[in-house]
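K.L.:
Residue-level listing of the chains:
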Amino acid sequence: MIRVRNVSKSFNDQLVLNDVSLDIKSEEIFVVLGESGAGKSVLLKHLIGLLQPDSGTIQIDNEDITHLPESKLLKMRKKMGYLFQEGALYDFMTVFENIAFPLREHAHLDEKTIRQKVKDILKMIDLDEVEEKMPAQLSGGMKKRVALARAMILDSKILFCDEPTSGLDPIRSRDVSDLIRNVSRKFGCTTVITSHDIRNSFRVADRLALIHDGKIIAMGTQDELKASKDAFVKEFIS
Amino acid sequence: MAVYQQVVRSLGNALWFLGEIFGNILRGKIRFGEVLKQVYEQGLQSVVIVVLTSLASGLVLALQGYVAMSRFGAKEFVADLVALSLVRELGPVFTALVFSGKAGARITAELGTMNVNDQILATRTLGVDPMEFLVVPRMVACFLVLPILTIISEFCGIMGGYFVGVTQAHIAGVYYINETIRAIHYVDFFSGFIKVFFFAILIGWICCYEGFSTKGGSLGVGKYTTKAVAYSYIFVILLNTLLTKVILTFWG
Numbered sequence: 053m054i055r056v057r058n059v060s061k062s063f064n065d066q067l068v069l070n071d072v073s074l075d076i077k078s079e080e081i082f083v084v085l086g087e088s089g090a091g092k093s094v095l096l097k098h099l100i101g102l103l104q105p106d107s108g109t110i111q112i113d114n115e116d117i118t119h120l121p122e123s124k125l126l127k128m129r130k131k132m133g134y135l136f137q138e139g140a141l142y143d144f145m146t147v148f149e150n151i152a153f154p155l156r157e158h159a160h161l162d163e164k165t166i167r168q169k170v171k172d173i174l175k176m177i178d179l180d181e182v183e184e185k186m187p188a189q190l191s192g193g194m195k196k197r198v199a200l201a202r203a204m205i206l207d208s209k210i211l212f213c214d215e216p217t218s219g220l221d222p223i224r225s226r227d228v229s230d231l232i233r234n235v236s237r238k239f240g241c242t243t244v245i246t247s248h249d250i251r252n253s254f255r256v257a258d259r260l261a262l263i264h265d266g267k268i269i270a271m272g273t274q275d276e277l278k279a280s281k282d283a284f285v286k287e288f289i290s
Numbered sequence: 343m344a345v346y347q348q349v350v351r352s353l354g355n356a357l358w359f360l361g362e363i364f365g366n367i368l369r370g371k372i373r374f375g376e377v378l379k380q381v382y383e384q385g386l387q388s389v390v391i392v393v394l395t396s397l398a399s400g401l402v403l404a405l406q407g408y409v410a411m412s413r414f415g416a417k418e419f420v421a422d423l424v425a426l427s428l429v430r431e432l433g434p435v436f437t438a439l440v441f442s443g444k445a446g447a448r449i450t451a452e453l454g455t456m457n458v459n460d461q462i463l464a465t466r467t468l469g470v471d472p473m474e475f476l477v478v479p480r481m482v483a484c485f486l487v488l489p490i491l492t493i494i495s496e497f498c499g500i501m502g503g504y505f506v507g508v509t510q511a512h513i514a515g516v517y518y519i520n521e522t523i524r525a526i527h528y529v530d531f532f533s534g535f536i537k538v539f540f541f542a543i544l545i546g547w548i549c550c551y552e553g554f555s556t557k558g559g560s561l562g563v564g565k566y567t568t569k570a571v572a573y574s575y576i577f578v579i580l581l582n583t584l585l586t587k588v589i590l591t592f593w594g
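Chains as they are written, first to last, in this note's numbering: chain A, 53 to 290; chain B, 343 to 594.
In short, the hints are calculated from the structure, not lab data. Virtual Cβ for every residue (Gly too), placed ideally from N, Cα, C. Mixed in with the good hints there might be a few duds.
Taking lysine-lysine and the DSSO-like style, the derived pairs with C-alpha atoms no more than 30 Å apart in a straight line are [unchecked claim]:
hint, chain 1, residue 1, chain 2, residue 2
1, A, 130, B, 557
2, B, 379, A, 185
3, B, 371, A, 130
4, B, 371, B, 557
5, A, 130, B, 379
6, B, 565, A, 131
7, B, 379, A, 169
8, A, 127, B, 371
9, A, 127, B, 379
10, A, 175, A, 127
11, A, 127, A, 238
12, B, 371, A, 164
13, B, 379, A, 164
14, A, 130, A, 164
15, B, 557, A, 127
16, A, 97, B, 565
17, B, 557, A, 124
Over the 10 Å line for every Cβ pair with chain A, so calculated as not near, a few chain B residues [unchecked claim]:
hint, residue
18, 418
19, 419
20, 432
21, 460
22, 509
23, 511
24, 569
Sequences are here, hints too, so could you generate the full structure?
P.N.:
Next comes the structure, spelled out in structure tokens:
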């Protein structure tokens with residue numbers, strides 16, 4: 053379970069997160085909606101400890117990670133996966149090496165087992181014959197799939213996805229969204245997604261929150277958000 | 343923010359960065375496989391240009407030296423002039439400057455591109471310390487490659503001088519080589535060579551730090567790479583002046 057309490061964050065006197073509080077249940081798919089620059093990605097980076105709040109606390113599975121040192125955060129992140137907007141694959145490694153990287157770093161497996169695990173996860177994300185390709189040879193959608201495979205290869209218990217459908221056409225967006233949902237369910241992991249893609253967010257989310265000017269202005273199920281009387285919420289999801 | 347505050351902050355960040363590098367090295371967090379890859383890339387990339395520039399500087403030194411020394415009837419001492427100039431001063435400094443422009447620029451551009459594409463952040467999310475994975479191997483490789491390149495550079499420079507000495511000044515080849523060996527005392531060699539290790543740390547530090555600080559997309563990568571090379575040039579020259587004074591004071 054992820055618990056965020058009264059988190060605020062400013063950059064150069066500009067308030068990006070303003071007293072944000074939310075709870076994300078175990079094995080839930082939670083989508084944070086909002087306009088560009090609303091503070092969604094900043095919130096996500098706080099949840100994995102890439103940023104520290106100016107005030108407030110963040111707990112993951114009852115452990116306060118707010119001010120953990122980087123050495124402890126590095127250990128904690130082994131059970132988490134983070135899917136970056138553009139994939140952030142290492143461009144000097146092949147697809148196979150990218151996916152195998154976390155296994156080689158943390159799992160201490162022999163090369164044969166690593167190769168089999170990479171093959172299995174590539175099959176799960178419907179990508180064949182790409183193992184020896186470089187990231188530059190892949191399409192945007194394929195990069196995101198490979199990045200998802202890398203994020204989940206250590207059987208992560210928490211998955212963070214930063215704008216997973218941005219820059220993709222509607223069909224690829226739907227495919228990537230469905231893939232995230234399927235992978236999430238299969239691994240039984242808690243998933244937090246930031247997005248401004250309403251249609252696909254409604255497809256995958258158990259619950260959603262809408263962030264506006266650094267504040268959460270609505271939170272609940274798809275039906276609860278649709279029933280909101282708030283003018284901005286209505287405008288955003290219409 | 344006032345300019346001096348920015349300078350103090352940047353210097354503080356850069357010193358902290360250097361402390362992190364040495365902290366990792368002292369804790370034994372050196373990935374030898376990555377170091378070997380970097381040694382290969384940095385060395386291979388720089389060796390041709392180092393050979394060319396040092397050969398040319400040896401040739402020019404010998405040509406100018408021959409003209410000047412002929413006026414005093416001492417053209418045989420061209421070998422001494424070339425050898426001592428290269429070994430004590432020009433070899434280490436030229437090699438460090440060429441290395442900054444080739445391998446240093448590559449380090450900043452690589453790390454800068456990784457930074458603007460979130461690959462460095464991704465490393466942290468994968469539970470791996472980017473200092474250990476990306477910076478320490480590059481730094482250690484600089485420390486290993488630059489001394490080797492300096493020796494190659496000094497050898498090629500002396501060979502350039504030998505060519506001019508034999509073909510232009512008509513000095514016998516054996517005499518030229520003997521004179522070169524006789525001229526270089528171990529103090530001459532080491533007073534120049536010791537500086538290379540300081541230059542290696544300086545170049546590795548500046549170029550890795552600028553790479554890690556890069557922001558602003560592809561334009562930023564160009565800007566920070568240029569900045570890293572310019573800073574490396576300036577600080578190599580300043581450090582060389584300081585080290586030369588210190589070495590001459592204590593070691594003649």
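K.L.:
Would you mind marking each hint as holding or not holding in the structure?
P.N.:
Quick rundown of the hints versus the structure:
A distance of roughly 27 Å separates the Cα atoms of residue 130 of chain A and residue 557 of chain B; the hinted pair therefore holds under the 30 Å criterion. For the proposed pair residue 379 of chain B and residue 185 of chain A, the alpha carbon gap of about 20 Å is at most 30 Å, so the pair holds. A distance of roughly 19 Å separates the Cα atoms of residue 371 of chain B and residue 130 of chain A; the hinted pair therefore holds under the 30 Å criterion. A C-alpha spacing of about 27 Å is found between residue 371 of chain B and residue 557 of chain B, which places the hinted pair at or below 30 Å, so the restraint holds.
At roughly 26 Å between alpha-carbon atoms, residue 130 of chain A and residue 379 of chain B fall within 30 Å of each other, so this suggested pair holds. Pair hint residue 565 of chain B plus residue 131 of chain A does not hold up; C-alpha atoms about 37 Å apart against a cutoff of 30 Å. A distance of roughly 26 Å separates the Cα atoms of residue 379 of chain B and residue 169 of chain A; the hinted pair therefore holds under the 30 Å criterion. At roughly 16 Å between alpha-carbon atoms, residue 127 of chain A and residue 371 of chain B fall within 30 Å of each other, so this suggested pair holds.
About 26 Å separates the Cα atoms of residue 127 of chain A and residue 379 of chain B, which keeps this hinted pair within 30 Å; it holds. Distance check on the hinted pair: residue 175 of chain A and residue 127 of chain A sit about 28 Å apart at the alpha-carbon level, within 30 Å; holds. With a C-alpha separation of about 24 Å, the suggested pairing of residue 127 of chain A with residue 238 of chain A holds against the 30 Å cut-off. Of the supplied pair hints, the one linking residue 371 of chain B and residue 164 of chain A holds, its CA atoms being roughly 26 Å apart against a limit of 30 Å.
Taking the CA atoms of residue 379 of chain B and residue 164 of chain A, the gap is near 24 Å; set against the 30 Å cutoff, the hint holds. Of the supplied pair hints, the one linking residue 130 of chain A and residue 164 of chain A holds, its CA atoms being roughly 22 Å apart against a limit of 30 Å. At roughly 27 Å between alpha-carbon atoms, residue 557 of chain B and residue 127 of chain A fall within 30 Å of each other, so this suggested pair holds. Between the alpha carbons of residue 97 of chain A and residue 565 of chain B the distance comes to roughly 27 Å, so the proposed pair stays at or under 30 Å and holds.
For the hint pairing residue 557 of chain B with residue 124 of chain A, the CA-to-CA distance comes to about 27 Å; that is within 30 Å, so the pair holds. The beta carbon of residue 418 of chain B is kept farther than 10 Å from every beta carbon of chain A, the shortest such distance being approximately 53 Å. The beta carbon of residue 419 of chain B is kept farther than 10 Å from every beta carbon of chain A, the shortest such distance being approximately 51 Å. The Cβ of residue 432 of chain B lies farther than 10 Å from every Cβ of chain A, with a closest approach of about 35 Å, so its non-interface assignment holds.
With 10 Å as the threshold on Cβ separation, the claim that residue 460 of chain B sits away from chain A is violated: the shortest Cβ distance comes to roughly 4 Å. Listed as outside the interface, residue 509 of chain B is consistent with that label: its C-beta sits roughly 46 Å from the nearest C-beta of chain A, beyond the 10 Å cut-off. Listed as a non-interface residue, residue 511 of chain B keeps its Cβ farther than 10 Å from every Cβ of chain A; the least gap is roughly 49 Å. Distance to chain A confirms residue 569 of chain B as a non-interface residue, since its nearest Cβ pair spans about 22 Å, more than 10 Å.
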